[in-house]
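Peer 1: Use the sequences and the hints to build the structure in full.
Residue-level listing of the chains:
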Amino acid sequence: GENVEQHPSTLSVQEGDSAVIKCTYSDSASNYFPWYKQELGKGPQLIIDIRSNVGEKKDQRIAVTLNKTAKHFSLHITETQPEDSAVYFCAASMNNAGNMLTFGGGTRLMVKP
Amino acid sequence: ETGVTQTPRHLVMGMTNKKSLKCEQHLGHNAMYWYKQSAKKPLELMFVYNFKEQTENNSVPSRFSPECPNSSHLFLHLHTLQPEDSALYLCASSQSGGLNTEAFFGQGTRLTVV
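Chain order of the listed sequences is A and B. Our numbering numbers the first residue of the first sequence as 1 and each following residue consecutively. Our numbering numbers the first residue of the second sequence as 1001 and each following residue consecutively.
The set of hints was computed from the structure by calculation and includes no laboratory data. Where a beta carbon is used, it is the ideal one built from N, C-alpha and C, also for glycine. Hints should not be assumed to be uniformly reliable.
Claimed, not checked - 25 Å max Cα-Cα, derived DSS-like pairs, lysine-lysine:
{"id": "1", "chain 1": "B", "residue 1": "K1040", "chain 2": "A", "residue 2": "K42"}
{"id": "2", "chain 1": "A", "residue 1": "K22", "chain 2": "B", "residue 2": "K1022"}
{"id": "3", "chain 1": "B", "residue 1": "K1019", "chain 2": "A", "residue 2": "K37"}
{"id": "4", "chain 1": "A", "residue 1": "K37", "chain 2": "A", "residue 2": "K68"}
{"id": "5", "chain 1": "B", "residue 1": "K1040", "chain 2": "A", "residue 2": "K22"}
{"id": "6", "chain 1": "A", "residue 1": "K71", "chain 2": "B", "residue 2": "K1040"}
{"id": "7", "chain 1": "A", "residue 1": "K37", "chain 2": "A", "residue 2": "K71"}
As the list claims (entries may be wrong) - Going by beta-carbon spacing under 7 Å, a handful of chain A positions derived as facing chain B:
{"id": "8", "residue": "K42"}
{"id": "9", "residue": "G43"}
{"id": "10", "residue": "P44"}
{"id": "11", "residue": "L46"}
{"id": "12", "residue": "M100"}
{"id": "13", "residue": "F103"}
{"id": "14", "residue": "G105"}
Peer 2: Okay, structure coming up:
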């Protein structure tokens, strides 16, 4: 089955700096890669996703890149703000597997004011 | 609000108790999921229901028993649990079929087994 590795497990940045979280996956058949943000006391919420037919996607301060050959994808947050502090999860799934997501272990991001 | 509501938010139960977790989605989705979130471990998919039919059971012990009476409601029945089953249990829903779409999560039930 699919295996998703996520690094780093914790990340501390200064407000205004950029943050990068990286994930690798094992199954070359995976073609959908969402990123979720989980704040304290809440369930994960989708912040951005990318499909295997594109290499990069951007939404305001967040962007995701995908390298299918190397089987890794990354989340980039620019101009970080204290409200970006949360746990971020990457995930992978295949179209023919519905939305059975395999998650990475999570990254706790702390943005210091 | 994500459109997925879980109750209760917190639950403490003894190892001999029987309890149920409830999930309701108001999004018109046709697929619902149970995930387990333990400390220092990735979210683990437990069960998947598509159009009320269970399509996945990821080797979950039989002390966890899911029920999906209709496409809007999902239950997780618990009995004779172990302390290591203490975790955050998350319900999610999505629209299944075709390209993968966003999974919406509830806020979870924090379960403590004593």
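Peer 1: With 7 Å as the cut and Cβ atoms as the points, is G105(A) at the interface with chain B?
Peer 2: For G105(A), the interface hint holds, since the closest Cβ of chain B sits about 5 Å away, which is under 7 Å.
Peer 1: Need the status of pair K37(A), K68(A): alpha-carbon distance at most 25 Å?
Peer 2: Given pair K37(A), K68(A) holds - Cα atoms ~23 Å apart, limit 25 Å.
Peer 1: Given L46(A) as an interface hint, is the shortest Cβ-Cβ distance to chain B below 7 Å?
Peer 2: Where the cut-off is 7 Å and the nearest Cβ of chain B is about 5 Å from L46(A), the hint holds.
Peer 1: Is K1040(B) within 25 Å of K22(A), Cα to Cα?
Peer 2: Given that 25 Å is the threshold and the Cα spacing comes to 18 Å, the pair holds.
Peer 1: Does the nearest C-beta of chain B fall within a distance shorter than 7 Å of the C-beta of M100(A)?
Peer 2: 6 Å, holds
Peer 1: Mind checking the alpha carbons of K71(A) and K1040(B) for me, to see if they're no more than 25 Å apart?
Peer 2: 24 Å, holds
Peer 1: Does K1019(B) pair with K37(A) here, judged by a C-alpha cut-off of 25 Å?
Peer 2: Roughly 29 Å separates the two Cα atoms, so the pair is violated.
Peer 1: Is K1040(B) within 25 Å of K42(A), Cα to Cα?
Peer 2: Given that 25 Å is the threshold and the Cα spacing comes to 17 Å, the pair holds.
Peer 1: With 7 Å as the cut and Cβ atoms as the points, is P44(A) at the interface with chain B?
Peer 2: Holds. Min distance 5 Å.
Peer 1: Are the Cα atoms of K37(A) and K71(A) separated by 25 Å or less?
Peer 2: 22 Å, holds
Peer 1: Measure nothing beyond the straight line between the CA atoms of K22(A) and K1022(B); if it is 25 Å or shorter, mark the hint as holding.
Peer 2: 34 Å, violated
Peer 1: Given G43(A) as an interface hint, is its Cβ closer than 7 Å to any Cβ of chain B?
Peer 2: With a minimum Cβ separation of about 3 Å from chain B (threshold 7 Å), the hint on G43(A) holds.
The structure fails hints 2 and 3 (numbered hints given earlier, in ascending order).
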